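Student: Here is how the chains run, residue by residue.
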Amino acid sequence: VFQRCRLITLLTDFGLDDAYVGVMKGVILRINPDIRVVDLTHAVPPQQILAGAFILCNAVGFFPDGTIHLAVVDPGVGSARRPILIETDRGLLVGPDNGVLCPAAAVMGRRHARVLANEELFLHPVSHTFHGRDVFAPAAAHLACGVTPEKVGPVLDAIVELQLPVPRRNGAAIAGEVVHVDRFGNLVTNISADALPRFPARQVCVSISTTPIGTLLATYSAAAEGAPLALLGSWGTVEIAVRNGSAAKMFAAGPGTPVTVVVESRDA
Amino acid sequence: VFQRCRLITLLTDFGLDDAYVGVMKGVILRINPDIRVVDLTHAVPPQQILAGAFILCNAVGFFPDGTIHLAVVDPGVGSARRPILIETDRGLLVGPDNGVLCPAAAVMGRRHARVLANEELFLHPVSHTFHGRDVFAPAAAHLACGVTPEKVGPVLDAIVELQLPVPRRNGAAIAGEVVHVDRFGNLVTNISADALPRFPARQVCVSISTTPIGTLLATYSAAAEGAPLALLGSWGTVEIAVRNGSAAKMFAAGPGTPVTVVVESRDA
Amino acid sequence: VFQRCRLITLLTDFGLDDAYVGVMKGVILRINPDIRVVDLTHAVPPQQILAGAFILCNAVGFFPDGTIHLAVVDPGVGSARRPILIETDRGLLVGPDNGVLCPAAAVMGRRHARVLANEELFLHPVSHTFHGRDVFAPAAAHLACGVTPEKVGPVLDAIVELQLPVPRRNGAAIAGEVVHVDRFGNLVTNISADALPRFPARQVCVSISTTPIGTLLATYSAAAEGAPLALLGSWGTVEIAVRNGSAAKMFAAGPGTPVTVVVESRDA
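Protein chains in written order, with the numbering used here: chain W, 2 to 269; chain X, 2 to 269; chain S, 2 to 269.
Honestly, the hints are just simulated from the structure, not real lab data.
Each hint should be verified, as a subset may be incorrect.
To be verified - Chain S regions said to be covered by chain X (calculated; three or more residues, Cβ under 8 Å):
1. 23-33
2. 66-79
3. 128-136
From a predicted model like this one, the values you see are computed outputs, not experimental measurements.
Cβ coordinates follow ideal geometry from the N, Cα and C atoms, glycine included.
Please take these sequences and the hints and turn them into a complete structure.
Tutor: Below, the structure is given as structure tokens:
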């Protein structure tokens with residue numbers, strides 16, 4: 002469907018203190034030194050599948066069609082959990098069958114999943130502890146070089162599904178939650194702009210736990226220095242921030258903290 | 002003036018825990034997958050324009066002519082602050098109009114600045130929170146592909162200026178300050194080697210706050226294990242270090258801590 | 002022996018908070034913008050030569066033949082310690098003559114070492130504090146572009162040697178130690194799988210300090226949640242882990258902590 006692409010992205014919970022990520026790149030470049038590799042992040046909290054899935058699904062839309070996204074947050078490495086590939090309208094996803102790929106697959110137009118069964122594509126001997134290096138990286142590299150998904154393994158009837166938490170609607174109120182804290186201490190929620198009236202933004206009231214923040218502002222700098230604010234953030238969802246400060250600290254908040262938006266009237 | 006170059010460097014305060022940086026690379030590679038991207042650092046302390054400006058101006062001299070340096074330390078994102086481009090003798094600088102680009106522009110031979118006005122070069126819809134992704138990265142990518150600065154926007158009469166702190170001369174004493182602490186706890190100052198007599202180096206006495214350190218040594222290893230020393234550091238300025246230790250800890254020092262160099266006589 | 006390769010890996014103790022690493026890449030790309038650069042890690046603890054040597058020697062086997070590995074953990078920078086190049090059967094190693102390259106050279110089939118003597122290959126003026134930028138990066142880049150080792154400098158009779166700690170055999174017991182703690186708190190030891198009977202793995206008993214852990218399991222997920230286990234890790238050695246937890250924390254262990262494997266009988 003799309004032209005052959007040699008771009009692979011990497012998302013893991015391996016950190017950058019060891020050479021785990023560097024070694025995955027070595028394996029990829031040994032298969033084809035022309036492949037481009039881009040790091041999404043390697044700082045997913047260890048074994049936090051949901052956190053990895055969230056970051057991945059927000060990032061994939063900004064890459065060229067045909068990109069191969071490799072995600073390794075894999076507490077079940079070496080067990081019976083399967084290594085999989087998901088074909089989508091916009092590219093391929095490679096990783097463990099534990100749900101980490103699913104939200105991204107939905108964003109990219111999911112078609113079907115395959116098990117990585119063709120052991121000729123692996124690095125041998127395959128360890129029980131590091132499939133990022135021995136299974137996923139070489140499979141992704143071969144796919145980047147034109148090996149077709151059919152040659153990787155058969156289609157699966159079902160995979161492990163995972164859904165990011167969805168806000169509940171309750172009359173004029175939308176009850177969501179914090180799903181991510183970024184480096185600035187901004188609290189990213191799961192309440193999408195699509196769920197809110199377009200104009201005027203001020204007819205909305207955002208609260209975190211039981212603390213009202215106010216309406217949606219346009220920019221961080223529209224708040225006073227050190228003051229909290231709500232706005233539409235970089236991933237198209239409601240975000241709670243503190244101007245030149247940390248909302249995570251001010252509200253002692255993190256993933257799971259409830260956030261409510263009350264819509265005061267429908268669009269003007 | 003220089004041959005077309007496809008190298009873009011990135012400096013931000015985004016950290017590497019999120020996919021912000023990875024997504025900027027996706028946007029760049031979607032415009033042209035052949036562009037090379039090099040990270041300068043993404044660990045500028047959040048919203049510390051001066052710290053970002055210091056790192057950038059020290060780094061640019063080591064890159065090929067024609068490199069495009071993209072710097073996003075941008076507390077005013079989404080406000081009236083303008084996105085700009087600075088043309089220099091040695092390449093282009095792209096970022097917010099808050100001064101972060103200015104010291105690097107001076108090093109590179111500043112010509113003139115332009116506002117990024119041509120919205121055709123942006124990623125739409127342009128968010129109010131992430132111009133690194135929506136404005137700066139795509140503009141830099143188009144410039145790397147041969148779009149000329151004239152097509153980006155008109156020349157500006159004035160931009161927000163920023164100067165790194167300059168040492169004061171007081172007879173035989175030069176009064177400077179710490180401007181950066183590196184990973185080793187080395188204290189980088191703003192006192193340039195050019196301000197000092199060439200020979201003999203021992204006719205100089207360096208102090209931090211009121212503590213004398215002594216003369217300039219040639220290397221870290223010229224001091225005893227655990228002892229403090231002063232030397233000319235990697236960016237051509239006086240640096241205070243501790244052999245296999247941290248000067249920042251030993252002197253409880255950081256940006257702004259005063260450092261004095263007394264020149265005991267003129268060059269021999 | 003191997004085709005010309007334009008891949009350089011970097012391992013340093015510079016961290017990513019400064020632009021030290023970015024500047025080394027600038028120097029490399031100014032010599033040849035087509036060179037590929039891969040980061041192994043920049044988080045080697047400051048000036049810990051042994052830690053850097055361990056990571057490097059585990060990583061090199063996964064890169065293409067002909068790769069140039071550049072390692073800068075260099076407390077003696079600027080002193081009389083020599084900058085060297087080691088030629089091996091599988092590629093080149095570049096760095097300071099302090100032992101950091103030696104374990105990797107052994108893995109890659111060491112041939113001979115040369116001093117980096119040809120100052121035409123350096124970046125001038127050569128600082129006393131940052132040979133990563135001024136000596137090692139440009140030398141590696143010129144080697145990646147086809148400059149032959151002979152042109153870099155003469156063969157050395159002897160270099161500073163360094164050996165990773167080797168386990169002692171004591172009848173049925175192998176006395177080794179922790180040599181590395183990874184991000185997950187897994188304790189990587191120096192007891193190689195080659196030293197152990199192949200089947201059945203259960204005839205082995207692993208202890209850390211005086212605490213018995215049990216036999217070798219196949220995967221992390223074979224242990225109960227929060228329980229400790231021993232297994233063969235990603236680098237082919239015995240590793241002590243905690244399922245979805247940190248063995249480093251549970252056992253207050255780190256490099257040097259003794260680990261013993263008692264082999265209960267010879268291979269069936």
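Student: Can you list which hints this structure breaks, lowest number first?
Tutor: Going through the list in order, the structure violates no hint and respects every one.
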